[in-house]
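Chemist: Sequence:
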Amino acid sequence: MNGIERCINDEIPFEIPDSWEWERWGNISQSIQYGYNAPAKNNGRIKMVRISDIQNNTVLWQNVPFCEISEKDIDTYLLKPNDILFARTGGTVGKSYLVQDITEEVIYAGYLIRTRYSHFLCPQYLKCFMESELYWSQLRNGTIATAQPNCNGKTLGKMLLPIPPLAEQMRIVEKQSELFDKISLI
Numbered sequence: 001m002n003g004i005e006r007c008i009n010d011e012i013p014f015e016i017p018d019s020w021e022w023e024r025w026g027n028i029s030q031s032i033q034y035g036y037n038a039p040a041k042n043n044g045r046i047k048m049v050r051i052s053d054i055q056n057n058t059v060l061w062q063n064v065p066f067c068e069i070s071e072k073d074i075d076t077y078l079l080k081p082n083d084i085l086f087a088r089t090g091g092t093v094g095k096s097y098l099v100q101d102i103t104e105e106v107i108y109a110g111y112l113i114r115t116r117y118s119h120f121l122c123p124q125y126l127k128c129f130m131e132s133e134l135y136w137s138q139l140r141n142g143t144i145a146t147a148q149p150n151c152n153g154k155t156l157g158k159m160l161l162p163i164p165p166l167a168e169q170m171r172i173v174e175k176q177s178e179l180f181d182k183i184s185l186i
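Quick note: the sequence shown, position 174, residue 174 per our numbering, numbers continuous.
For the record, the hints were derived by calculation from the structure and aren't laboratory data. Cβ coordinates follow ideal geometry from the N, Cα and C atoms, glycine included. Possibly wrong hints are sitting among the right ones.
Using 20 Å as the maximum straight-line C-alpha spacing, the simulated DMTMM-like pairs for lysine to aspartate or glutamate come out as follows [unchecked claim]: (1) K41 to E104; (2) K95 to E131; (3) K127 to E168; (4) K41 to E105.
Pair ranges (Cβ atoms, derived) [said to hold, decoys possible]: (5) S132 to T58: 17 to 25 Å; (6) S70 to N42: 13 to 21 Å; (7) I172 to S70: 37 to 45 Å; (8) P13 to Q55: 25 to 33 Å; (9) K41 to P81: 22 to 30 Å; (10) W22 to D75: 29 to 37 Å; (11) E21 to R116: 18 to 26 Å; (12) T58 to R140: 21 to 29 Å; (13) E105 to E11: 36 to 44 Å; (14) Q62 to R116: 24 to 32 Å; (15) W136 to Q62: 27 to 35 Å.
All chains should be built: construct the whole structure from the sequences, respecting the hints.
Modeler: See below:
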């Protein structure tokens, strides 16, 4: 971060293959941004997804409320396919959602953080990571314990994750999907 190299050898939790790299979330993200604060409305032009709209890695878009937002702010908060949303407060802190099935203009609420990535990362791989024990242990260690547990963008940006080459990221995602499909048959 800030273009200054820092040694992370003493923070690395385990060995990875030589073709992989340890990276901080903040270094691989094009952006880590907080959501928009506005009350929910029954109608309008722009929808606003909230933490409560994300259930079991799914959003029922028809149930997402609308909000008022100025035209100049829409682009800043507009969701795109492959964005990852991250709950930053409350009992759902750390919960994540990979945006894929979006068909209309939707922004995201203030208690969410949106992360966006470049082409050398498979967002589905990052979502797999966000379901791992390594992710959750780093989150627990970085979460600020108050009456409402919370995690900020800085904490998310400091997290370490193993990054394999893109082709291997895609193989990992395929294998996980294949295994989950088999499990669902049981």
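Chemist: Give a verdict on every hint.
Modeler: Evaluated hints:
{"no.": "1", "hint": "K41 to E104", "in the structure": "holds, 17 Å"}
{"no.": "2", "hint": "K95 to E131", "in the structure": "holds, 9 Å"}
{"no.": "3", "hint": "K127 to E168", "in the structure": "holds, 15 Å"}
{"no.": "4", "hint": "K41 to E105", "in the structure": "holds, 15 Å"}
{"no.": "5", "hint": "S132 to T58: 17 to 25 Å", "in the structure": "holds, 20 Å"}
{"no.": "6", "hint": "S70 to N42: 13 to 21 Å", "in the structure": "holds, 20 Å"}
{"no.": "7", "hint": "I172 to S70: 37 to 45 Å", "in the structure": "holds, 41 Å"}
{"no.": "8", "hint": "P13 to Q55: 25 to 33 Å", "in the structure": "holds, 31 Å"}
{"no.": "9", "hint": "K41 to P81: 22 to 30 Å", "in the structure": "holds, 25 Å"}
{"no.": "10", "hint": "W22 to D75: 29 to 37 Å", "in the structure": "holds, 33 Å"}
{"no.": "11", "hint": "E21 to R116: 18 to 26 Å", "in the structure": "holds, 20 Å"}
{"no.": "12", "hint": "T58 to R140: 21 to 29 Å", "in the structure": "holds, 25 Å"}
{"no.": "13", "hint": "E105 to E11: 36 to 44 Å", "in the structure": "holds, 40 Å"}
{"no.": "14", "hint": "Q62 to R116: 24 to 32 Å", "in the structure": "holds, 25 Å"}
{"no.": "15", "hint": "W136 to Q62: 27 to 35 Å", "in the structure": "holds, 31 Å"}
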